[in-house]
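Here the structure of chain A is known, so what remains is to put chain B in place on it, guided by the hints.
Number of protein chains: 2
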Amino acid sequence: MSDTAPAQLLAVLGRGVVDIAVPLLSADDLGVTRGDGCFDAVRVTYDARGKRAHYLEEHLARLARSAAALQIEAPATASWHELVTTSLAAWNTPGEAILKFVLTRGLESAPSAPVGYLTITQSPDHAAARRGVTAMTLDRGLRSDAFTEAPWLLGGVKTISYAVNVAARREAANRGVDEAIFRSSDGFLLEGPTSGLVIAADDRLWTTPTTGTGVLASVTIAALFAAARQHEVATGEALFTPADAYEADGMWLVSAIRGMLPVVELDGHAIHHDPAVTSVLAKATGFPGIA
Amino acid sequence: MSDTAPAQLLAVLGRGVVDIAVPLLSADDLGVTRGDGCFDAVRVTYDARGKRAHYLEEHLARLARSAAALQIEAPATASWHELVTTSLAAWNTPGEAILKFVLTRGLESAPSAPVGYLTITQSPDHAAARRGVTAMTLDRGLRSDAFTEAPWLLGGVKTISYAVNVAARREAANRGVDEAIFRSSDGFLLEGPTSGLVIAADDRLWTTPTTGTGVLASVTIAALFAAARQHEVATGEALFTPADAYEADGMWLVSAIRGMLPVVELDGHAIHHDPAVTSVLAKATGFPGIA
Numbered sequence: 001m002s003d004t005a006p007a008q009l010l011a012v013l014g015r016g017v018v019d020i021a022v023p024l025l026s027a028d029d030l031g032v033t034r035g036d037g038c039f040d041a042v043r044v045t046y047d048a049r050g051k052r053a054h055y056l057e058e059h060l061a062r063l064a065r066s067a068a069a070l071q072i073e074a075p076a077t078a079s080w081h082e083l084v085t086t087s088l089a090a091w092n093t094p095g096e097a098i099l100k101f102v103l104t105r106g107l108e109s110a111p112s113a114p115v116g117y118l119t120i121t122q123s124p125d126h127a128a129a130r131r132g133v134t135a136m137t138l139d140r141g142l143r144s145d146a147f148t149e150a151p152w153l154l155g156g157v158k159t160i161s162y163a164v165n166v167a168a169r170r171e172a173a174n175r176g177v178d179e180a181i182f183r184s185s186d187g188f189l190l191e192g193p194t195s196g197l198v199i200a201a202d203d204r205l206w207t208t209p210t211t212g213t214g215v216l217a218s219v220t221i222a223a224l225f226a227a228a229r230q231h232e233v234a235t236g237e238a239l240f241t242p243a244d245a246y247e248a249d250g251m252w253l254v255s256a257i258r259g260m261l262p263v264v265e266l267d268g269h270a271i272h273h274d275p276a277v278t279s280v281l282a283k284a285t286g287f288p289g290i291a
Numbered sequence: 292m293s294d295t296a297p298a299q300l301l302a303v304l305g306r307g308v309v310d311i312a313v314p315l316l317s318a319d320d321l322g323v324t325r326g327d328g329c330f331d332a333v334r335v336t337y338d339a340r341g342k343r344a345h346y347l348e349e350h351l352a353r354l355a356r357s358a359a360a361l362q363i364e365a366p367a368t369a370s371w372h373e374l375v376t377t378s379l380a381a382w383n384t385p386g387e388a389i390l391k392f393v394l395t396r397g398l399e400s401a402p403s404a405p406v407g408y409l410t411i412t413q414s415p416d417h418a419a420a421r422r423g424v425t426a427m428t429l430d431r432g433l434r435s436d437a438f439t440e441a442p443w444l445l446g447g448v449k450t451i452s453y454a455v456n457v458a459a460r461r462e463a464a465n466r467g468v469d470e471a472i473f474r475s476s477d478g479f480l481l482e483g484p485t486s487g488l489v490i491a492a493d494d495r496l497w498t499t500p501t502t503g504t505g506v507l508a509s510v511t512i513a514a515l516f517a518a519a520r521q522h523e524v525a526t527g528e529a530l531f532t533p534a535d536a537y538e539a540d541g542m543w544l545v546s547a548i549r550g551m552l553p554v555v556e557l558d559g560h561a562i563h564h565d566p567a568v569t570s571v572l573a574k575a576t577g578f579p580g581i582a
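Sequences listed follow chains A and B, in order.
Heads up: the first sequence runs through residues 1 to 291, numbered per the numbering used here.
Heads up: the second sequence runs through residues 292 to 582, numbered per the numbering used here.
Same shape as in the complex, but just chain A (with noise of 0.2 Å):
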């Protein structure tokens, strides 16, 4: 939260572009009164090579299978995309910004429909993140294997249920440490509360499995190992402990919105990190370069 407004833009299912400064939802939305929603965030940028909105179809996916698992009757694809494409029309504010997609059940009360919508909103400075985050670990309280046959944990389901998330950022932040990573209780790195994990190590790039661990597949990840294989450089899952991450040749927190973020300093042990090499992840996957 800045001490001023930025620019904000809101769309509706069905309705296009609305005002947001007007109430959009119930008090009897289970989006509020249960966290019963789906979520998903797409960056968007504004510059000299027009309007774009980053990896729109892959989010777009991951968003109809968060709402598969939560049995949400999901929109149609193609409605979001013209939602999309009505509001990059009217969004005039040059640089980055958050385009995030909100699917809440509807109404606790009574009978309705799902609500779906999107904002736009003025990103945030990330430049002296994208130079360099300090970490530390917060034990999430479950087995890396915990969500192996326990499909109501919603491993992996991005919900708007984010609570703990939210307090994760706060404990960091009340620490003077710029990011939390939740680890296992039997000692692994997960992911960040809004970022999953990329470490460089044995000449690969690895990220943490999702299968078992209720982690969230991650769009930048996926879209930088792609890009890595085509340049021949291999990628894997793994799961590391933080021991392991001290003696690694890189981490990074990874994030749709905000990069790739290079872990300087995980529970005040020095993490390796070379620039260039985070410029060069960065650029794969649409983010700035680092001076």
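Hints in this document: simulated from the structure, not taken from any laboratory.
For each residue, glycine too, the CB sits at the ideal point set by N, CA and C.
Be a bit skeptical, because a hint or two may be false.
[Unchecked claim] So the derived label-pair ranges between C-beta atoms look like this:
1. A:Ala5 x B:Gly478: 48 to 58 Å
2. A:Gly50 x B:Gln362: 40 to 50 Å
3. A:Thr77 x B:Ala418: 36 to 46 Å
4. B:Ala508 x A:Asp145: 24 to 34 Å
[To be verified] Here are a few chain A residues that face chain B, going by a calculated C-beta distance under 8 Å:
5. Arg15
6. Ser26
7. Val32
8. Thr104
9. Ala110
10. Tyr117
11. Thr119
12. Leu154
13. Val164
[What the hints assert, rightly or not] Examples of chain B residues toward chain A, derived with CB under 7 Å:
14. Ala318
15. Ala401
16. Tyr453
17. Val455
18. Val524
Same frame as chain A, now just chain B:
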């Protein structure tokens, strides 16, 4: 959700009773974009004895504790009381109702104060559940001591991030079972997704300890246990396994709204049930007895 809308009323802090058909919340409210807020629920009865909000003080105290744990600036309790008084005066539907308090952190992208409101909603008929429910255990994935030193996991905080609770209820319903009961990864019964747990064994009433388990402190169980001790029935906190429950003298899921729901079957095993005991427990906390 019923096929027709129940009677419902909305009142907002600082505004009083307003039309619930008019949207209240911004699309950018953290309550919906992050499930970042808390709630509590109180049973309202309107009968020959007048209108009553049961254990109102205790629920408002718990709401204030939830807000403090989330570091949300809580409205003065007196403001909530005033809003409840105004709302009950406007409530004219006889029978049972649910008074729900919701407090969100406010807007995500612009400076804002927390948003606080209450709804009163006509209750569905709980008579069948009050005579007996079937239940199944679902692994919560967390050890019974997982919350001991992990405040970011928000144990015992009644957040609106309830997607897993809703998914657990859906899982039970999909399997043809009335209620879900979470068990810890080390095998102990914890609580229901929207209820606490009471077991009768060894001439005592027992409930799940809240310390370390993440279990919500139940207002209704506290009131029940105070009443029990007045009648020389001992009470205590202990962790039970499902196998312990099969041998118990009785087991109840306890909710401020629904009352004492006797569990008559757990994971396919019959649980001992004496309707006369259930009636005594129900009446001790203001609920109707069962025939």
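Quick one: are A:Ala5 and B:Gly478 within 48 to 58 Å, going by C-beta?
-> holds (50 Å)
Close enough to count: is the Cβ of A:Ala110 nearer than 8 Å to one in chain B?
-> This interface hint holds because 4 Å falls under the 8 Å limit.
Can we keep the B:Val524 interface hint, with Cβ of chain A closer than 7 Å?
-> Violated, about 34 Å.
Does the Cβ distance between B:Ala508 and A:Asp145 fall inside 24 to 34 Å?
-> holds (31 Å)
Status of the hint placing B:Tyr453 at chain A (closest C-beta pair under 7 Å) = Result: holds, 4 Å to nearest chain A Cβ.
Mind checking the CB of B:Ala318 against every CB in chain A and telling me if the closest is under 7 Å?
-> holds (4 Å)
Using Cβ atoms only, decide whether B:Val455 comes closer than 7 Å to chain A, and label the hint accordingly.
-> Holds, because the Cβ-Cβ distance from B:Val455 to chain A comes to roughly 6 Å (cut-off 7 Å).
Measuring from the C-beta of A:Leu154 to each C-beta in chain B, is the shortest one below 8 Å?
-> holds (6 Å)
Under 8 Å, Cβ to Cβ, is where A:Arg15 needs to be relative to chain B, so tell me if that hint holds or is violated.
-> violated (12 Å)
Interface restraint verdict for A:Val164 against chain B (beta-carbon cut-off 8 Å) | Check passed: Cβ of A:Val164 comes within 6 Å of chain B, closer than 8 Å.
Given A:Tyr117 was flagged as interface, is its beta-carbon under 8 Å from a beta-carbon of chain B?
-> For A:Tyr117, the interface hint holds, since the closest Cβ of chain B sits about 5 Å away, which is under 8 Å.
Would you check whether A:Thr119 satisfies its interface hint, that is, whether its CB is within less than 8 Å of any CB in chain B?
-> holds (6 Å)
In the structure shown, a violation is registered for the earlier hints numbered 5, 18, in ascending order.
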